[in-house]
Amino acid sequence: DAGVIQSPRHEVTEMGQEVTLRCKPISGHDYLFWYRQTMMRGLELLIYFNNNVPIDDSGMPEDRFSAKMPNASFSTLKIQPSEPRDSAVYFCASSQRFANSYEQYFGPGTRLTVT
Amino acid sequence: LAKTTQPISMDSYEGQEVNITCSHNNIATNDYITWYQQFPSQGPRFIIQGYKTKVTNEVASLFIPADRKSSTLSLPRVSLSDTAVYYCLVGSPYGGSQGNLIFGKGTKLSVKP
Chain S
2 DAGVIQSPRH
12 EVTEMGQEVT
22 LRCKPISGHD
32 YLFWYRQTMM
42 RGLELLIYFN
52 NNVPIDDSGM
62 PEDRFSAKMP
72 NASFSTLKIQ
82 PSEPRDSAVY
92 FCASSQRFAN
102 SYEQYFGPGT
112 RLTVT
Chain E
11 LAKTTQPISM
21 DSYEGQEVNI
31 TCSHNNIATN
41 DYITWYQQFP
51 SQGPRFIIQG
61 YKTKVTNEVA
71 SLFIPADRKS
81 STLSLPRVSL
91 SDTAVYYCLV
101 GSPYGGSQGN
111 LIFGKGTKLS
121 VKP
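Chains as they are written, first to last, in this note's numbering: chain S, 2 to 116; chain E, 11 to 123.
For reference, chain E alone in the conformation it holds in the complex (with noise of 0.2 Å):
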């Protein structure tokens, strides 16, 4: 089971740039990493998903170095509309643990205006 460590909290202002880094030491092979954010009174939302490199899409980035010990969510030119919290798993799609689909408690954005 790849355990997942990441900051509780993070601050920004408006029209910043937003990294947030995950750790997962022991990632295993068929790991993927995937993140998601969960607004207040709402179900967690797919934001990405990636194994290696780098993986874009029209709301996120999603950096891995090569080493796959950490990941970083990259959020372009936040709005307040982004204030959530966003979670980071690790993980075997579809594998027959439990371990696989632990979301942990998230890092929790507040975005200032």
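The following block holds chain S by itself, in its conformation from the complex (with noise of 0.2 Å):
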């Protein structure tokens, strides 16, 4: 398995700009997690999904972002419009759920700058 893929790895853009963060899971997994890290706060953790339905999404910084996942194989966080402040690298991971494993996979990034 390829593992989580995300696309872009790197986004800049200008301040008020719409950004779509584009995620695919691991095949078979039931839950897709989207996280932003950053040094002043760490990793925090947005919203995640099981079976494609949002769960948990009070992490969302604010109403300027939104995540959707139409299919068990494809997610999106988009950030409309873009500040400043969302500068950060913006990680999905997902997981299956089976006994008690606690064990995410996380894909690679995307490193968001907005100017």
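If you are wondering where the hints come from, they were derived from the structure by calculation, not from laboratory data. Just so you know, even glycine gets a beta-carbon here, dropped at the ideal spot from N, CA and C. Where hints are given, some of them may not hold.
[Said to hold, decoys possible] Restricting the straight-line Cα-Cα distance to at most 35 Å, the calculated cross-link-like pairs of lysine-lysine (DSBU-like) are:
1) E/Lys115 with S/Lys79
2) S/Lys69 with E/Lys118
3) E/Lys64 with E/Lys13
4) E/Lys64 with S/Lys79
[Said to hold, decoys possible] Here are some, though not all, of the chain E residues that point toward chain S, as calculated from beta-carbon distances under 7 Å:
5) Thr39
6) Thr44
7) Phe49
8) Pro50
9) Lys115
The two chains are supplied separately, each in an independent frame; assemble them into the complex guided by the hints.
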């Protein structure tokens, strides 16, 4: 398996523009997570899905952020409009629920820079 | 929500055993303890998970005392490639609360030759 795939790997955009980050989870995994990592705040969970349904989005910073999972093999995280403080590395992770395992598989991340 | 406390940084030398301790005084009965490793410019990688006593895999060992208020990740004979940030997480797998998935700041381990 290719692992979790994220695109793009790097994104540079201007303030006010719409940004869409994409994620393809590992086939067969029924949980998908979006995280954001910055030096100041560390690694923060934004939202997670189970069987394509959003379960907890309390980590989404504000209404400018939205996430969708139209099917089991694809998810997007959209920021509209983007702001410089959104600059961070965004990670997508997926996992498969069995027993009490807590193992999540992370993608390589998307480094977002908003100027 | 079980908050975790771990050292900000640690230094070691190649070939030594490294023990990183995490405190979680208010761990709940259903909570598991999980450790992740993160290299620069990469996503975190699962290392080990446990509930009580000792767990060992090909990478590390996890020691959990009877009261479960702390845990120790043990890395045997570290090498330069073990230089990374190590995160301790405490929570119930797939709990509905976001509080179960907090990574914190982690421990930055630096291994020197």
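Do the hints match the structure? See the list:
no., hint, result
1, E/Lys115 with S/Lys79, "holds (26 Å)"
2, S/Lys69 with E/Lys118, "holds (34 Å)"
3, E/Lys64 with E/Lys13, "holds (21 Å)"
4, E/Lys64 with S/Lys79, "violated (42 Å)"
5, Thr39, "violated (13 Å)"
6, Thr44, "holds (5 Å)"
7, Phe49, "violated (11 Å)"
8, Pro50, "violated (11 Å)"
9, Lys115, "holds (5 Å)"
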